[in-house]
Amino acid sequence: MRERLKSVFLFLLVLSSLYMTYRLWFGPRHLEEVAEYRLEPVQLEEPRPLSEIVAPRWICFQQGDTLYHFGPGSAPYEQLWNGVAALLSELTYPNSQDEFLPLEESHFRMTLSFRPLLPIGEGMPWLPGAPPAQLSEIEFRAGETEAAAILKEAAGALEAALSLDQWQGQELARLAAELPLDDVTPCHRLDQEELRELTGLQFSLADEFIVPEPGLSLSVLTVRPEELDMETLLDTFFFDRRLVREIRERDGALIYTDGEKGLRIREGLDFSFPLREQERATADYATALNTAGRLLSWHGGWPEALRLENLSLIREANRQHMVYYACWDSYYDGFPFTDHAATLYFNDGGLVKYRREYYKTLGEASPPAPVNSYQEALLAALNLYQEQEAGIKEPLALEEFALAYAVVTGEADQLYAFPVWVIRLDGNEYVFKAAGLTLLEEVHS
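Position 248, counted from 1, in the sequence shown is what numbering that gives the first Met the number 0 calls 247; the numbers after and before it change by one each time, with no gaps.
None of these hints come from the bench; they were simulated from the model. Any given hint could turn out to be false.
[Claimed, not checked] Here are the simulated SDA-like cross-link-like pairs (lysine to any residue), alpha carbons at most 25 angstroms apart as the crow flies: (1) Lys432 / Thr360; (2) Lys359 / Thr198; (3) Lys260 / Ala316.
[Unchecked claim] Beta-carbon label-pair distances, calculated as ranges: (4) Gln191 / Met321: 20 to 26 angstroms; (5) Gly214 / Leu361: 25 to 31 angstroms; (6) Gly122 / Ala368: 46 to 52 angstroms; (7) Pro131 / Leu361: 23 to 29 angstroms.
For glycine and all other residues, C-beta sits at the position ideal for the given N, C-alpha and C.
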């Protein structure tokens, strides 16, 4: 009798387990009533053409001894890049390398730095008649009567120097003459000799650092998280919404999953599709650029304030295959935000991982205030470095040095973006409020 009772009890447990599983997958939190099965993904906006995916990370303009530095989102940057992009679409690539103007004979000099690299050659929007290449830099030099463009590949070697015809030279001169420079603060290119004179130390520079001369004023910005249409957003990730279930976590986060892939919504969004990690990444560079742009446009959209900051083929730890990594930064008037607005990983199978946390700028929360000079910021970072480290091994690696915006929480949970100096010395990162050089964690309080 006891054995029969055990059997009945076990049978009831199995039925209960099946029922609970059914309720979990097909219960009231299931999204079946608002879902349909689709064969094609929904997209939030039309993907951008390749001509709008890659843009310079910065543009420098030098006239005489005066240097100006323009970042994405600033009026001079947009004006110059629009004009130069049109020029590059018509520039003729020579059969042999031209002679280019020596710097001392140049009337002005303009340099465009590219990261990610600018693809040229057949089928590309830029220099379609050139041999296939990926450029890290284009430099324009103009004299009184002639002008030239110097192209540099990723390795830094000279690719070619192209002579501009009369019309192209006039167009370049027009772009330079129309630059609105009256309210622009001149800039300064750091070198090892200046750093040694300032600090008494030897430095190694990980990049070309261009900083504004003293006298620059910046405002604190009011920002807010972007608002996305959740129903449309879910449709961009899940073909068959009938299989999707919703889970609410204790911290308020929402998780949507169909058993293979998952989307988590809280302080931005995080998406992962683990099964796709087994796929390979074999697309060429131009195809990968288009794919990255398409994925961002489909899954959240591409606001004008975003710029593609990096595209590289990497191998993650403990992973067998390579994967493409792409990230976007948000800019305001030429200065980036400190945290990436979007990062994604993809391969031939599609989107593998995606993180998005974009803040929309609403306006200036305060009048512009003077920021501390680059010399003061560097010395403040060096003082902290010396307090934290037992000694300084020279040359000291200067890995990052830039003005940017950092999002912090103010009163009543209002979000602000403060101008900050970001400095990284030999792996140690220091983020100071640009006006006052207060460490960022002290700004939070």
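Structure-based check of all given hints:
1. Lys432 / Thr360: Holds - the C-alpha atoms of Thr360 and Lys432 are around 19 angstroms apart, at most 25 angstroms.
2. Lys359 / Thr198: violated, 39 angstroms
3. Lys260 / Ala316: holds, 21 angstroms
4. Gln191 / Met321: 20 to 26 angstroms: violated, 36 angstroms
5. Gly214 / Leu361: 25 to 31 angstroms: holds, 27 angstroms
6. Gly122 / Ala368: 46 to 52 angstroms: Given range 46 to 52 angstroms: holds, Cβ gap about 48 angstroms.
7. Pro131 / Leu361: 23 to 29 angstroms: Violated, at about 43 angstroms.
The structure shown violates the earlier hints numbered 2, 4, 7.
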